[in-house]
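Enquirer: Below are the chains, spelled out letter by letter.
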Amino acid sequence: MSAVEYLDLLLKALLLAGVYAAMAVGMTVVYGVMKIVNLAHAGFLMLGAYFAFELFNRFHIDPVLGAVLALPVFFLFGMLVHWVLVRWLPKSDTPTLASLLLMFGFWLVLQNLAYAKWGNDDQSIFTPLTLSAVHIGDTISIPKVNLVVFAAAVFCMVVLQIVFHRSWFGRSMRALIQNPYGAQIVGVDDQRTSRLTFGLGTAFAGFAGALLGMLYSFSPDFGRPFLLRSFVIIVLGGLESVSGVALGAIVLAVLETFSTVVPFPWYWHGWKMYHLPPSYQPVVPFALLVLVLVIMPKGLASLFNRKWKTA
Amino acid sequence: MKILEVEKLSKYFGGVAALKDVSFDIPEKLICGFIGPNGAGKTTLFSVITGAHSPSAGKVHLHGKDITGMDAASLVKKGVARTHQVVRPFKAMTVLENVQLAVHYGRHAVTRTHIAKDHAMETLKLVGLDRKANMMASAISLGEQKRLEVARALATAPELLLLDEICGGLTGSETHAMMELLHRIREGGTTIMYVEHDMKAIMAVCDRITVLNFGQKLAEGKPEDIQNDQSVIEAYLGKSDFGGKKRA
Amino acid sequence: MEDRMKAPRNLSGWLRVILPWALLASLLLLPAVDSNANLMRLLFLTAVYSTAGLGWNLLGGMAGQVSFGFAVFFGMGAYTTALLMHAGHSPYFGFIGGAAIAMLASFFIGLPTFRLRGPYFVIATIGVTEAVRVIMNNLDITGGASGYRISEDKPFNPLEHYYTAIIAVALAVLVSTIIANNKFGLALRAIKQDQDAAAAVGVNPYTSKLWIHAIAAGLTGIAGGIYARRAGFFYPGDVFAFQTGINILLIPVIGGIGTIWGPVLGGVIFIIVEETISAKYQDFHLLIYGSLLMLIVLVEPGGLIQSKRLWIMLGKLLIGLFTGTTWKALFGMLRGRRFAKAQHIEE
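Chains as they are written, first to last, in our numbering: chain S, 1 to 311; chain H, 312 to 559; chain X, 560 to 906.
Keep in mind the hints are simulated off the structure, nothing from the lab. Here the structure is a predicted model, which is why all the values come from computation and not from measurement. From the three backbone atoms N, C-alpha and C, an ideal C-beta is built for every residue, glycine too. Be a bit skeptical, because a hint or two may be false.
Quick list of the computed label-pair ranges, beta carbon to beta carbon [claimed, not checked]:
#1 Q281/S / L574/X: 52 to 60 Å
#2 T835/X / H364/H: 50 to 58 Å
#3 T94/S / I737/X: 29 to 37 Å
#4 Q396/H / I737/X: 31 to 39 Å
#5 H364/H / E5/S: 42 to 50 Å
#6 Q396/H / L80/S: 37 to 45 Å
#7 P277/S / V397/H: 48 to 56 Å
Just so you have them, the derived chain X footprint on chain S, three or more residues with Cβ under 8 Å [stated by the list, open to error]:
#8 74-84
#9 93-104
#10 200-209
#11 279-291
Quick list of in silico lysine-lysine cross-link-like pairs, DSS-like style, CA-CA up to 25 Å [claimed, not checked]:
#12 K331/H / K313/H
#13 K388/H / K436/H
#14 K402/H / K91/S
#15 K388/H / K742/X
#16 K389/H / K313/H
#17 K319/H / K340/H
#18 K742/X / K117/S
#19 K742/X / K443/H
#20 K376/H / K388/H
#21 K402/H / K340/H
#22 K389/H / K742/X
#23 K436/H / K742/X
#24 K319/H / K533/H
#25 K428/H / K402/H
#26 K742/X / K402/H
#27 K402/H / K867/X
#28 K428/H / K839/X
#29 K117/S / K12/S
#30 K331/H / K370/H
#31 K376/H / K389/H
Kindly produce the complete structure, drawing on both the sequences and the hints.
Expert: In C-alpha cells:
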C-alpha cells in the first residue's frame, strides 16, 4: 500500500473516531457520575437512528438536523427513564449487578419495541450526501457523509466540553465522578444531577445514533457492537475528561481501520507476516479491551496521571 | 531470633516519599509497636510488607526468606496475617463463618468443615465473641467487628500478626479488653506488630516501640525510653502526658 | 442480589433433605405413569437449561462474577459432542468431552478476564461471546455458519434423552450443594462480598475464580452436548448466540441468583414462557424477558424462589380460586406493593 492509501485510511479512521467519540461520551458520563454500566445505551443508539430515519422519511428532515433534534427529545426521554426506572437502584460507588441487569432488561424491551414498529429488516438513511465524495488527488476519496457526521460530532463534543468544565452542572458531574460521598457532603444534589446526567447521556446516545444511522444500515439489534466499542473507549480514555474519550476514540478507530491492512508478525511454523482477515475484524475491539485492561487497568489516562499522584 | 527483617524499605507515590530507607528487625514473640504522627507512613509500611503495594526499594525477609512484594494470600500461607484500619468483615456471613473461612485458608489449611468450625469457635472465645457466633457480621457493633477482624487474622494461625489501629473508635474499656487480648495472643506464641494512635494503649502493651516520622525511622526502643526521647517529643510537640499529638 | 447459597432456610430440616429426592424420584418414574411425548420434551428442555443455569449460578451467583458469555461453553459442548460422535464415539463420551473442552476454554477465557473487577469483567465476557461466535462462523471444520448435523444410527429415543437430561440436572444440583456447603463455597461467597478481604485470610481469588469458572463451564458444556444430541442440528448463530448466553443468565437471575433451587425454578419458568410465547406472542420474546428482568431487579432481586411475597400470593390465589374470591385477593395484594427503595449497601 502506498503512503497516500495509508493517508486515505487514516483520514477515514479519524472521521470514524469523531463519531465513536460522540457515541462513547454518553455512556461515559453515565458511568462516571452514576457508576452505572448503561447497557441500554445500545438501545438508545438504535432509537436515535430510527428517530432520524422517521423524520427523514416522513417529514423529509435532513438527518443531521434530525440528529440535532434528537438531543432535546432524547434528553427528556432519558430523564423520564431515570425517573421511572433508574432512580430506584441502590446507590454504590462501584457498579452493581442490579444496575447492569436493569439496563440490560430495558435494552431488550427497547429492541422488541423497535422490532414491533419497524420490523427486523435493515434500514438505511440515504441522502444525496451519502453517495457523493470529496476527492483529494487520485486515491483519497472521502464520502461527504462522513465529513458532515464528523463535523456534527466534533461540534457536540466541544459543547459538552464547555458544559463539563464551565458550568455548575458540569462541575457537579465532575464532583460526583471523583468522589460521590464528598460531593453530596458539599451539597451537590445527587438525585438531580444524576437525572440530568442520564438525560444528557441519553441525548448524546440519540444524537450519535442518528449520525451512525447515516453511515451504516441499522436494525433493532443495531447497538450491540457499539456497546463494546463505547466501553473500550471508556477504558482507554478514562472517565474524567472529554478529551480522554476523544483520545480513546482515535486509538480504537485507527486500530480497527488498520487492523486488516497492516501486516503483523505471528508465529506459526516460523515467523511470518499475516493479515487479519476482514471477517475477524469484530474481534479487534474485544482484543484491545482485554489487552488494555490487563496491562493498564486504569486506562491510558493513568499513564499521564501517575506523575502527579500523591500518597 | 529475628522473625522479620526489613531492609531499607522505601515507597514513593509520585514524588512523595511515604517511606524512606526504613530498616528494622522484629524479634520473635514480642509485641512491637509503631507510632508516629499522622502521615508518618505507618499504614503504608504495613501495606508494603503485606504486598498491597510493592516497594520502590528495599527488601523484606521472613525467617531469612525474601517475601518482598508477595501477595496477601501467599503471605497468609507463610504465617503473616494482617488486620485493616477500616474493618472489612464479610457482612453477609455469620461471625462464625467469617472466622471459619480464615481457618480453612490459613496456614494450617483445614478442610473438614466441622473441625474448622471448632477452631473458629476457640478463636472466637479468645476474643470474646463466642456468644455472637451465629449473628450476621453486619449486626454486631464496631468494637465487636474490630475484634472479629482480629479473630479472623488470628484464625489463620500466623506467626506474625500485623495489627493496624484496632483501637480506633473504641471506648476506654473496650481498649482495655483489646490490650488484654494482645497479651493473650503473645502468650500463645505469636509475634505482633502493632500500629496505633492511642498512646496509653500502645505504651502499656508493647515490649518495644519504633517511631516513624515523614516516612523515616526516628527512634526505637523500650516504651520508657521513647517517652523520654527528645526527638520523639519534638515530633509530636506534646509533653509526656501523651494526650495530644500535633505535627512538628 | 444476596448471598443465599444454601437450601431454603424456611423449610424445616428433614423436608429440606427429602424434597429433592422426592422430586428426583417422581421425575424418574414419570415416563412409567404418563408417557406424553410433549411433556417429556418440555421437561427435557427444562432440565437442559436448568443445568446450564446451575452452572452459571456457580460463577455468577455464588462467586459473584457475572458472565454474559456462557453461550461459549454451551456451544463448545454442542460442537465437541457432535464431533466426537461423528468420530464414532458414544454420546456419553461426547458429553464428557464437551465438558472437558468447555473447561479448557474457561481457563483461557478466565486467565485474562479474571484480573478485571466488576463491570470490566462483565463487559469483557460480552466481548468474548462475540469473538468466539465470529471465530466459529469462520471455521470450516465445524461447518462454519451453516451449522452441523449429528447423525445417530439408533432411532430417536425420547426416553433416553429425557433420562440423560434428568441425570444431568441432578448432577448439577448435587455439585452445587456440595460446593455450597464446603470450604470452597465459603471462599467463593467471601470473594463475592470482598475480594481483598478474602485474600487477607488466605484465599487466592484469582485461582478460586478460575476453578469455579471451570466447573461452571463444564456443567454448561454438558448441557450443550445433551441439547445438541437431541436437536440433531445446530449452528453458531444458535448455540453461540448472544441470546443463548442471555437465557443462561436469565434463568438463575429470575429464579433466584445464588440459591441452589433458584436456577431450577428459573428453568421451569423459562420453558413455560418460551412455550407460551412461541405459541401466541412469537415476537415479544425480548419484551417479556426484558420486563421480567427489570421486575426482578426492582422488586425481587433475590429471584422468585426466595420471594415470600410470591409464595404468599400464590397461596392466596389458590385459596381464592377455591373460595371464589380470586380477584379481590389479587387487587388487595397489588395495592400494598411498592417498588423497593434504594437498598443501602452497608458500610
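Enquirer: Evaluate each hint against the coordinates.
Expert: Here is how each hint holds up against the structure:
1. Q281/S / L574/X: 52 to 60 Å: holds, 56 Å
2. T835/X / H364/H: 50 to 58 Å: Once the Cβ atoms are compared, 56 Å apart, the range 50 to 58 Å for H364/H and T835/X holds.
3. T94/S / I737/X: 29 to 37 Å: holds, 31 Å
4. Q396/H / I737/X: 31 to 39 Å: holds, 37 Å
5. H364/H / E5/S: 42 to 50 Å: With a Cβ separation near 48 Å, H364/H and E5/S satisfy 42 to 50 Å, so the hint holds.
6. Q396/H / L80/S: 37 to 45 Å: With Cβ atoms ~44 Å apart, the hint holds.
7. P277/S / V397/H: 48 to 56 Å: Distance hint for P277/S, V397/H holds at roughly 52 Å.
8. 74-84: violated (count 0)
9. 93-104: holds (count 9)
10. 200-209: Coverage by chain X is violated for the region 200-209 of chain S (0 residues, Cβ < 8 Å).
11. 279-291: Coverage by chain X holds here, the residue count being 9 at a Cβ distance below 8 Å.
12. K331/H / K313/H: holds, 22 Å
13. K388/H / K436/H: holds, 23 Å
14. K402/H / K91/S: holds, 17 Å
15. K388/H / K742/X: holds, 16 Å
16. K389/H / K313/H: Measuring from Cα to Cα gives roughly 15 Å; hence the hint holds.
17. K319/H / K340/H: holds, 23 Å
18. K742/X / K117/S: violated, 52 Å
19. K742/X / K443/H: holds, 21 Å
20. K376/H / K388/H: holds, 14 Å
21. K402/H / K340/H: Not OK: K402/H and K340/H at ~32 Å, beyond 25 Å, violated.
22. K389/H / K742/X: Satisfied, since the Cα-Cα distance of roughly 20 Å is no more than 25 Å.
23. K436/H / K742/X: holds, 22 Å
24. K319/H / K533/H: Since the Cα atoms of K319/H and K533/H sit roughly 22 Å apart, the hinted pair holds (cutoff 25 Å).
25. K428/H / K402/H: Distance ~18 Å between K428/H and K402/H Cα, so the pair holds.
26. K742/X / K402/H: Measuring from Cα to Cα gives roughly 17 Å; hence the hint holds.
27. K402/H / K867/X: Since the Cα atoms of K402/H and K867/X sit roughly 22 Å apart, the hinted pair holds (cutoff 25 Å).
28. K428/H / K839/X: Violated - the C-alpha atoms of K839/X and K428/H are around 54 Å apart, more than 25 Å.
29. K117/S / K12/S: violated, 34 Å
30. K331/H / K370/H: holds, 12 Å
31. K376/H / K389/H: holds, 10 Å
Of the hints listed earlier, those the structure fails to meet are numbers 8, 10, 18, 21, 28, 29, in rising order.
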